[in-house]
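Using the sequences provided together with the hints, build the complete structure.
Single-letter residue listing:
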Amino acid sequence: MSSLALVSSLSLDISVSLPDSTPVFANENLIYARWLMAFSLGFHIVLSCFGVAFPALIYLAHRRGLKHDDHDALMLARRWAKAAAVLFAIGAVSGTLLSFEMGLLWPGLMGTFGDVIGLAFALEGIFFFLEAIFLGVYLYGWRGLPAKLHLLTLVPIAVSGVFGTFFILTVNAWMNSPAGFDIEHFQQTGEVIDIDPWAAMFNQSTLPQFLHMLPATYLVTGFLVASVYAVGILRGRDDRLHRLGLTIGFAVAAVAAPIQIVTGDLAARNVAENQPIKFAAMELIEETTTGVPFTIGGLIIDGEKVGAIEIPNGTSLLQDFDPNSTMEGLDSVPEELQPPVNVVRIAFQLMIVIGMGLLTLVVWGAFVRWRKGDLPLSNKWFLRALVVAGPASVLAMEAGWTTTEVGRQPWIARDVMLVADAVTTREGIAGLLIGLIVLYSGLASASIIVLKAMSARWRRGEDPPAPYGPMPLEIDEPEADPEPDLVDA
Amino acid sequence: MTALFAAGTFTLPNAVVAILWIGVVAYAVFGGADFGSGFWDFLAGTPEKGAAARKRIDASIGPVWEANHVWLIFVLVYLWTAFPTAFAALVTATFVPLIGAAVGIILRGAAFALRKSSGSLRQARFFGITFALSSVVTPFFFGAIAGAVASGRVPLDGQTDAWSVWLTPTSMLGGVLAVGVCAWLAGVFLAADAHRDGQPELAKSFTTRALVTGVVVGAISLVGIVILETDAPTLADGLERSGAPFVIVSGLGGLAAMWFLRQGEPGRARVPAAIAVVAIVVGWGAGQYPWILVDTIEIDEAAGARSTLWGLIIAFVFAGTVAVPPLIWMLRLSGVGSLSVGEARPDSSYAKLKALAPDDT
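Residue numbers (our numbering), protein chains in the order written: chain A, 1 to 489; chain B, 490 to 850.
Worth double-checking, as some hints may not be accurate.
As the list claims (entries may be wrong) - Derived EDC-like pairs: lysine to aspartate or glutamate, alpha-carbon spacing no greater than 16 angstroms straight-line: (1) B/Lys843 <-> A/Glu462; (2) B/Lys843 <-> A/Asp463; (3) B/Lys841 <-> A/Asp69; (4) B/Lys843 <-> A/Asp72; (5) A/Lys67 <-> B/Asp836; (6) A/Lys305 <-> A/Glu286.
Since the hints were made in silico from the structure, they are not lab data.
Next up, the structure:
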């Protein structure tokens, strides 16, 4: 019997003996609370990507504009900054909601481990604050600062985004690899002692998760921006501004994509080493085996692996560089401590398939650019692929998060606390879930409507205001609009 | 502070509570003015009649509104990190008003952001009403939560009836007072901004509103004393002792602000009005010291690990060092909510954009 299974069953005993006060509805509550959290996070993370990576795109456009006296590039920087302000504002409210939800939904986690993991939230908050301040400086700086200094104010926005990403990820990494307190003592007594918040931050999962998530923000933002301009070009607005916007988005995504594949490999290796049960679910390893095959496709139905193509000893070879290495299977822990294997499997494979597809698109674009000096922007199929690439990259990111989050179930902190022991005892979570879905659907549609309205006003030559920015007084130069807009008509 | 020192030991948990309370005070003043602006936005009338007032509100809170989320997140994060058990008890007990506040914040923040960028009057109106309504609802719920803590109704396990814990005299007082104070503070600030920017009509109308609200808030506060005596005796007792000086300062600040308003000098009312709000929030803290949850658990008892408390102090100092200078820079650059934008510098990015524009029009 592995030490992990021993540890797991120990903590299970504790968790079973603890919640005398937990009412019968706890299980139903649990499902809705998880969905509520998943939905809130899934929504917020898309906006976070823009908060982290968009400043870099704006920097590239702005710098080009100043260096090459490029009007289109400067115009892009100005527009992107305003769109960024809208997205940032929505991200700020959805992020504030998350800080409420941490307490409202998971008082068991925050009440028990608040002083272990809380400091990272505080540091993340500081960098969020810095980001908001410098975004304000940049928006007001269009008129009030010398151009070169103005360009430089984008740097602290982008850097703050990187640090913010790091600190918030340390918390999720801690849930996967708890550290920074006496774990054994907690498992025996339920008491948290020897707390070291810095050790909690720099746990075994922190670095790989950070290295895999940071490029994801650039990948998602780059492809979404490219996607928007690809739609514009396909609809006949094929001018230099659109081509430049698309190229900058594509360039950022093209740099991020290969990095993402490499860090994804690192992350998977880290999971294999530190979270064997999650890895077993990702790779469909049912039983602890020697010489684990590499499995393509497939699900587990009624305890049987179905529809999989197996390459003998492949996973052992890839992970351990030893075709006959032994890997833990799902069966090394009792069934109630296993994650829902098929959800994890599908999500993991979906992420990989989309990731490879995106990499192919990047290679295509980069190859043409290398041979002909420009992206194949007259090729309708390339543009169509880019249109799909934006939403697809979001889907890949969400699938990645589903893999790591569902793969940790039923633990909220692996081998330390069950999600069921962290959830609130308050009723009515189902109602809140419905309410939030309605609210966020409204919020998402409202944001898109407003962004489209902004874009329509830009095309009419107006200069719409942004949430943080100064009041607009004068009208920007109108630009050529070859065809009437199909969206906003 | 006197209360903290009076206890004899300025302990590490006390230091963190002091920092936490700075966040509460900042949220009350800046967030309060922010929420109150929404209150006046709501009462500004039809789109035509209220346009000037709404534009004024937009310009005044534009540069700072985002910072206000930060105070709230700061308070939540410091509370759960420094006092995890008290936090878990609080959020479980006051689940319902917290949900109300959270929904209010989402609607408010999003509507404010989207209104400014919306494409038509209909859109702007929809977002405007959402913004205004949620601006009133949110401080009410926060006040109600404060009332639940202050009247000693939050048990350590948080297991209370979801409704009776906050549908109480103290919570209703807290809620109404919060809305009133926000409206009053915003009235003063908006009158001062309008006065500064040469909008005498608007300045006068906001002055009248602030004066009326001030009288109402003063009257409610007097009634509140009676309510607290019976419904929140521990806090009432504390307010009469260590909290008393702050209550007096708050009253004096309020009266001074009202006097300047009457004199038609809203610009001078700004500081005493802010002092009044700061003092009453500090007074509340001093009044319930040393309890973190009144009659349930004390600060020292509820405090988390010392290493983490030190981490929070380091984080606070770090934040002050790296965030305050750029914040001041940003506020200066924005003209602190000034309506006039001013000419673009000749070497600015904007001037360059203009210069590069194709001149075919």
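Hints and how they fare:
A C-alpha spacing of about 14 angstroms is found between lysine 843 of chain B and glutamate 462 of chain A, which places the hinted pair at or below 16 angstroms, so the restraint holds. Under the criterion of a C-alpha separation no larger than 16 angstroms, the hint pairing lysine 843 of chain B with aspartate 463 of chain A is consistent with the structure, at around 13 angstroms. Under the criterion of a C-alpha separation no larger than 16 angstroms, the hint pairing lysine 841 of chain B with aspartate 69 of chain A is consistent with the structure, at around 8 angstroms. A C-alpha spacing of about 11 angstroms is found between lysine 843 of chain B and aspartate 72 of chain A, which places the hinted pair at or below 16 angstroms, so the restraint holds.
With a C-alpha separation of about 14 angstroms, the suggested pairing of lysine 67 of chain A with aspartate 836 of chain B holds against the 16 angstroms cut-off. Of the pairs offered as hints, the one joining lysine 305 of chain A and glutamate 286 of chain A holds, with about 8 angstroms between alpha carbons and a cut-off of 16 angstroms not exceeded.
Consistency with the previously given hints is maintained throughout, with no hint failing.
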